[in-house]
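Asks: Chains A and B are the protein sequences, given in the same order.
Residue numbering for the first sequence follows the working numbering, starting at 1 and increasing by one per position.
Residue numbering for the second sequence follows the working numbering, starting at 1001 and increasing by one per position.
These are calculated hints, taken from the structure and not from any lab test.
Honestly, I wouldn't trust all of these hints.
[Claimed, not checked] Looking from chain A toward chain B, a few residues come up when the C-beta cut is under 7 Å (computed):
#, residue
1, S6
2, A29
3, C30
4, P34
[What the hints assert, rightly or not] Chain A side only, calculated, beta carbon under 7 Å to chain B, not exhaustive:
#, residue
5, D3
6, Y11
7, G44
8, M45
[Said to hold, decoys possible] Over the 10 Å line for every Cβ pair with chain B, so calculated as not near, a few chain A residues:
#, residue
9, T14
10, L32
11, V35
12, L61
We put the beta carbon where it would ideally sit given N, CA and C, even for glycine.
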Amino acid sequence: MKDQYSVILVYATTYALRVEKELKEVGVACKLIPVPRYLSSDCGMCVRIERADKETVRRILAAAQVETDGIYDI
Amino acid sequence: MPQEQNVIYFDNAATSWPKPPEVREAMAHYLDEVGANPGRSGHRLAVESARIVYAAREAVAELFNAPDLLRVVFAANVTEALNLALRGYLRPGDHVITGSMEHNSAMRPLRALEQEGVELAVAPCSPEGFLDPARVAAAIRPNTTMIVLNHASNVVGTLLPVAEVGRLARRHNLLLLVDAAQTGGAYPIDLQAEKIDLLAFTGHKSLYGPMGTGGLIIGERVDLERLAPLMRGGTGSRSEREEQPDFLPDKFESGTPNGVGLAGLAAGVRWVLAQGIEAIRAHEMRLTQQLVNGLRAIPGVTVYGSLEASRQTATVSFNLAGLEPSEVGLRLDDEEAVLCRVGLHCAPVAHKTIGTFPTGTVRFGLGAFNTAQEVQAALEAVRRLAVDQSRSSPSSKHQPAEAVQ
């Protein structure tokens, strides 16, 4: 499962940073990257996570009431 | 503090100076090490830049107890923030109430809106600059939508009753817009406890950030669909669309932000939080009372406002009999290296209220970096001017404080 990623799409940079903050607080690895073209034509950022963490991340973000545009495998 | 210029800077009500060294350091770091456009790219420097802007949002939200940092919308200054709130929210047929101690940053957009069909009531304040909440209550009409209140006068520093008016606004289901230009960072403000719906703030005064920073905090009762942006443009988000995004803060923040300024603002707000607003307030109150008492003891000096430090900010207005404010300001600068502001301070209605229109006043605006020694030295400087004046023209034809309206 190593090097298999998912990305969390967000409305805007501010939301990406909020997601990063929530994940860092509980020690889930993540990285802000440009949004892959095939997922969105947006010019902003998204948050990349390990695919294995996807469900954990969903729970964390739901609990923290952080709005996202969905989580997609890449 | 960098006081090499050997001046007494008493113009903090216009802009604070000096700034904490952390502010310069944060701005130098941003320019030297970060530099990229926040939120416009995904590379490491763009991410770092976006983090700095985020940190500024976080610091401001913490200072004012905003419900959510997404509700902190940055603007170039408090004037832009007030224009966004007023022009963005009000529509012809709406009725707005404000007080007679307002700055032109609120009054001019309100008067322009009045020309476009918004109705405006100006609740009269006392000659000391206080506002009785009952005056606001009496002005409420069925079509009243908003109350606009200057938290503290930029002319005489008097504090206006935000919490009481906030409760009144809630009872009548009105929005309360507060102009915190003179209080943000110098006096405790709790957006949620004081029932403030819209808080316009500036970064370069008591938040000790640089000029070109400020913003509007949008409370949870504000209808975001109704609030229109002042400008539309690139946001780095929803780039496939030709319409403005509808989410916070992007709906109200178009174009490249003042990244380097916001780096400084974040450092300034952190500095204020580290000092503690209560400690800053206590220091400024001591200096203010020392200044007021000292000025009142000088023959020929008239001090305006509350005369009580506990009821005002560290801004004190006065006049010296027989001398125009502009002459007092020039001589204090030239002969005494005391830097202050004179005239109407962009607040004609406030001067009409306290009885100093159109001549204006001499204004000493103290800040966190001023000292009791500086206040003492400035008092001696004013005393020298007063003594000089009484010797040279005992029957002067200039009477600034009693000028005709």
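Asks: For every hint, state whether the structure bears it out.
Replies: Verification of the supplied hints:
| no. | hint | verdict |
| --- | --- | --- |
| 1 | S6 | 16 Å, violated |
| 2 | A29 | 15 Å, violated |
| 3 | C30 | 12 Å, violated |
| 4 | P34 | 3 Å, holds |
| 5 | D3 | 19 Å, violated |
| 6 | Y11 | 5 Å, holds |
| 7 | G44 | 5 Å, holds |
| 8 | M45 | 5 Å, holds |
| 9 | T14 | 6 Å, violated |
| 10 | L32 | 5 Å, violated |
| 11 | V35 | 7 Å, violated |
| 12 | L61 | 15 Å, holds |
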